[in-house]
Amino acid sequence: MNTLLSIKDLTVAVDEKVLVNQVSFDVPQGKIVAIAGGSGSGKTTIGLSVLRLLPSALQIRQGSIVFEGQDLLKLSSEKMRDCRGARVGMVFQEPLSTFDPLFTIGQQIDEVLAAHTKLSKQERYKKVLETLSEVELPDPLRAYKSFPHQLSGGMRQRAMVAQAIVCNPSLIIADEPTSSLDVTLQVKIMELFIRLKKKNISILLIAHDLGMIAHLADEVVILRQGEIVEKGPVERVYKQPEHGYTKELIEAFQ
Amino acid sequence: MKIKINRTGLLCFWVLMVLYGLAIFADFICPYAYQDENRDFSYCPPTAVEFQDQGRWVRPFVYGRALTFNAIHRRVYVIDHTQKYPLHFLKGGRLFGVDAPGRFYLWGADARGRDLFSRIWYGARISLSIGLLGVGISFILGLLIGGIAGYYGGWVDNILMRVCEMFMMIPGFYLMLALRAAVPENFNSVQVYISVVVILSLIGWASLARIIRGMALSLRERDFVLAAKTLGVPDIVIIFKHILPQTISFSCATLMLTVSSYILAEAGLSVVGLGIQDPIPSWGNLLSDAMGIVPVIFAPWILLPGLFIFIAVVCFNVIGDSLRDAFDPMFNEKG
Chain A
-19 MNTLLSIKDL
-9 TVAVDEKVLV
1 NQVSFDVPQG
11 KIVAIAGGSG
21 SGKTTIGLSV
31 LRLLPSALQI
41 RQGSIVFEGQ
51 DLLKLSSEKM
61 RDCRGARVGM
71 VFQEPLSTFD
81 PLFTIGQQID
91 EVLAAHTKLS
101 KQERYKKVLE
111 TLSEVELPDP
121 LRAYKSFPHQ
131 LSGGMRQRAM
141 VAQAIVCNPS
151 LIIADEPTSS
161 LDVTLQVKIM
171 ELFIRLKKKN
181 ISILLIAHDL
191 GMIAHLADEV
201 VILRQGEIVE
211 KGPVERVYKQ
221 PEHGYTKELI
231 EAFQ
Chain B
281 MKIKINRTGL
291 LCFWVLMVLY
301 GLAIFADFIC
311 PYAYQDENRD
321 FSYCPPTAVE
331 FQDQGRWVRP
341 FVYGRALTFN
351 AIHRRVYVID
361 HTQKYPLHFL
371 KGGRLFGVDA
381 PGRFYLWGAD
391 ARGRDLFSRI
401 WYGARISLSI
411 GLLGVGISFI
421 LGLLIGGIAG
431 YYGGWVDNIL
441 MRVCEMFMMI
451 PGFYLMLALR
461 AAVPENFNSV
471 QVYISVVVIL
481 SLIGWASLAR
491 IIRGMALSLR
501 ERDFVLAAKT
511 LGVPDIVIIF
521 KHILPQTISF
531 SCATLMLTVS
541 SYILAEAGLS
551 VVGLGIQDPI
561 PSWGNLLSDA
571 MGIVPVIFAP
581 WILLPGLFIF
591 IAVVCFNVIG
601 DSLRDAFDPM
611 FNEKG
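Protein sequences, first through last, are from chains A and B.
With the numbering used here applied, the first sequence covers -19 to 234.
With the numbering used here applied, the second sequence covers 281 to 615.
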């Protein structure tokens, strides 16, 4: 199994306070790896580190993030920008605030394509519509022309997934992608992720919902206060948790 | 996106459109060219149009006038009832006028016997365009510099904002005078016009840049900016597409308010003789004729350009205000 993303000894700190301490884990190709943990455990920080978009106060002190054979931390900022969106897509928790209210969904997905490809306007239009139907939006044409506030929460989230996959990335970082949705919609989005996985797209899933992780992920990394307490295949971790904190989490969930 | 402007705003918009229309078609509407002078009619009062001749309705005409001086050497224009000059319309490419040697001063004449009505509308071309052009330049500068400073922050922000402050720390009018002093004296009228535009815009951009910078600072923390970054959208695209358009409600309102302050600034420069030079009229230098108390007492009509400055400034301000109101509910809707 090829390793797509390999994080080694990642340490992130604000001044003296260490937020993420020597975290190492791999994301194999075509697998879903989940990072779980309570609030403030550094889940999102790891996700943003991969894209090198941490707030300026947060610094990566040491470690390497090797993605498709390249250490992302050593790339020039132009190369890094080319990588974002094209090779790595990101899905956020709250799709309403992650779309610019002044532009239509279509325009904003088109913008990503325009930034990374040399496709003509018509080709881009076709590709955006294809992607919108790929994420099973009922009426892609209408979604293309809609402003973010005109779509329902579930549709917006789909549109955001479409924006993340429009350039055919090999990795998607999904930061709490279903937290703002109700249960039935959560299931739909999870199905969507499983379909993406079948297309050999790896997903780094950041979540606190252990139920969703059990349903979706192949491997899980349990974080506490910036340190990995346990990692391994989901079934093993759920059935025979080795660490007390993992047990606590699973019990709390049940 | 629909923008609804309130009635007062709309009224002011149409008033401005009329002013701009008159300025654009000044060649057609005015009976005389702006430099057309006749020293025999210095400070000639407004000419009355007569519709009746000895009790009969006739084609409109004006009486001739003769300049005399009274006991205290004041100019007195005596109406000469033997001379009648019928008003003709659409003759020689002008909307109305009378044949020489008659003169038709709808709103009176200035010291050199030039028609104030004509000069006001030719002057409107300068006064109304200078504000728009100046605002255009300072808005491009202000949005660009404010957007870049706010988006990048750090040392970029620091340097750009210190430059802004250098422009802001000198009182506006004195900065204007200083900049004007730096312009060569032998400039022709077009060059003077351009230099006045540039001077105005150099003064106005700084405060705008500072406000835009503040808005960009908070906008760059918004999720959709982070989302655009995570998807590899180039910085310059983010600034132009996701940061600056968010400031549109503020920008539009400020744009209008700034136009009016530029119209005033041009008038200020011209009144003290540093703006547009005679014989080319602007509302400011037309008003500079009214600096002395004597002409104002004996020829009060030369204050008329001031009225038009007032109208234009009020209109731009009201439009600015109503634009701000019009954008407001949209912002509330977004929450």
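In case anyone wonders, no lab produced these hints; they're calculated from the structure.
Cβ coordinates follow ideal geometry from the N, Cα and C atoms, glycine included.
It cannot be assumed that every hint is accurate.
[Said to hold, decoys possible] Stretches of chain A that chain B covers, calculated by requiring three or more beta carbons in the stretch to come under 8 Å of a beta carbon on chain B:
| hint | region |
| --- | --- |
| 1 | 53 to 66 |
| 2 | 69 to 75 |
| 3 | 79 to 85 |
We went through each hint and held it up to the structure:
1. With 6 residues having a Cβ less than 8 Å from any Cβ of chain B, the region 53 to 66 of chain A passes the three-residue criterion, so the hint holds.
2. Only residues whose C-beta sits within less than 8 Å of a C-beta in chain B count toward coverage, and the region 69 to 75 of chain A has 4 of them, enough to reach three; the restraint holds.
3. A count of 5 residues in the region 79 to 85 of chain A with a Cβ less than 8 Å from any Cβ of chain B is obtained; the coverage claim is therefore met, three being the minimum.
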